[in-house]
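Asker: From just these sequences and the hints, can you work out the full model?
Heads up, the sequence shown is in this note's numbering, so the first residue is 5 and it goes up one at a time.
If you are wondering where the hints come from, they were derived from the structure by calculation, not from laboratory data.
It is possible that part of the hints are untrue.
To be verified - 27 angstroms max Cα-Cα, derived BS3-like pairs, lysine-lysine:
no. : residue 1 : residue 2
1   : K133      : K31
2   : K15       : K133
3   : K31       : K148
What the hints assert, rightly or not - Here are the in silico distance ranges between beta carbons for each label pair:
no. : residue 1 : residue 2 : range
4   : N111      : A73       : 34 to 44 angstroms
5   : V81       : I154      : 47 to 57 angstroms
6   : L37       : S108      : 29 to 39 angstroms
7   : M95       : R45       : 21 to 31 angstroms
8   : N100      : V63       : 13 to 23 angstroms
9   : G18       : K110      : 46 to 56 angstroms
10  : L91       : L37       : 30 to 40 angstroms
11  : G18       : N100      : 34 to 44 angstroms
12  : I8        : I106      : 34 to 44 angstroms
From the three backbone atoms N, C-alpha and C, an ideal C-beta is built for every residue, glycine too.
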Amino acid sequence: VYAIGGVMVDKAIGDAGDIDTAIITMKLSNGALAVIDNCRRSSYGYDQRVEAFGSDGQVSIANDTASSAVLSNAEGVTAEKPLLFFLERYMQAYVNEVVEFIDSIKNDTDVKVGVEDGLAPVLIGLAAKKSIAEGRPVKVAEIKAQYGIID
Numbered sequence: 005v006y007a008i009g010g011v012m013v014d015k016a017i018g019d020a021g022d023i024d025t026a027i028i029t030m031k032l033s034n035g036a037l038a039v040i041d042n043c044r045r046s047s048y049g050y051d052q053r054v055e056a057f058g059s060d061g062q063v064s065i066a067n068d069t070a071s072s073a074v075l076s077n078a079e080g081v082t083a084e085k086p087l088l089f090f091l092e093r094y095m096q097a098y099v100n101e102v103v104e105f106i107d108s109i110k111n112d113t114d115v116k117v118g119v120e121d122g123l124a125p126v127l128i129g130l131a132a133k134k135s136i137a138e139g140r141p142v143k144v145a146e147i148k149a150q151y152g153i154i155d
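Answerer: This is how it looks when you write it as structure tokens:
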């Protein structure tokens with residue numbers, strides 16, 4: 005994990021000892037490359053798109069909006085801003101998680117998402133934070149060792 009970041013839009017974030025903008029590059033265990041662009045502020049709403057490119061194609065996931073309508077005319081292309089509040093963006097995901105959890109209890113089955121799935125983004129985030137602080141790439145294995153996490 006290699007990350008760079010800084011205070012680009014909100015001085016108060018820097019005064020609090022944090023950053024508001026970061027770019028993270030990663031080489032995944034299967035050799036794939038990943039890039040994450042983060043900024044705490046977007047003038048048009050909460051932007052959380054995903055794009056994945058591979059040798060056989062590409063997939064994109066757009067921002068959730070209140071309407072999927074996009075107006076294209078001589079004036080330009082117009083669409084609604086992304087949903088702002090996290091409950092609007094994730095309500096159905098939260099419902100799905102609870103339903104699956106209850107189903108796993110009722111049917112005595114494993115949940116699809118395990119501890120490792122929750123731990124992985126935390127480790128990547130800690131590696132990115134250390135990378136920014138030290139100006140060097142940081143392996144997730146280094147973070148695991150630092151916290152005594154054994155595979």
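Asker: Does each hint hold? Answer for all of them.
Answerer: Hint check:
1. With a CA separation close to 16 angstroms, the supplied pair K133 and K31 stays within the 27 angstroms bound.
2. Pair hint K15 plus K133 holds up; C-alpha atoms about 19 angstroms apart against a cutoff of 27 angstroms.
3. Proximity of K31 to K148 is assessed by CA-CA distance (about 17 angstroms); at most 27 angstroms being required, the pair is judged to hold.
4. Between N111 and A73, the C-beta spacing of about 40 angstroms keeps the proposed range 34 to 44 angstroms intact.
5. In this structure the hint that V81 and I154 lie 47 to 57 angstroms apart at CB holds, the actual value being about 52 angstroms.
6. Distance hint for L37 and S108: a CB-CB separation of about 34 angstroms, consistent with the stated range 29 to 39 angstroms.
7. Taken as a hint, the range 21 to 31 angstroms holds for the pair M95 and R45, whose Cβ atoms sit roughly 23 angstroms apart.
8. A beta carbon spacing of about 20 angstroms between N100 and V63 agrees with the range 13 to 23 angstroms that was offered as a hint.
9. Between G18 and K110 the C-beta distance comes to about 49 angstroms, which sits within the given range of 46 to 56 angstroms.
10. Distance hint for L91 and L37: a CB-CB separation of about 33 angstroms, consistent with the stated range 30 to 40 angstroms.
11. Separation of G18 from N100 is about 37 angstroms and conforms to the stated range, judged on CB atoms against 34 to 44 angstroms.
12. At about 43 angstroms, the CB distance of I8 to I106 agrees with the hint of 34 to 44 angstroms.
Taken one by one, the earlier hints all hold for this structure without exception.
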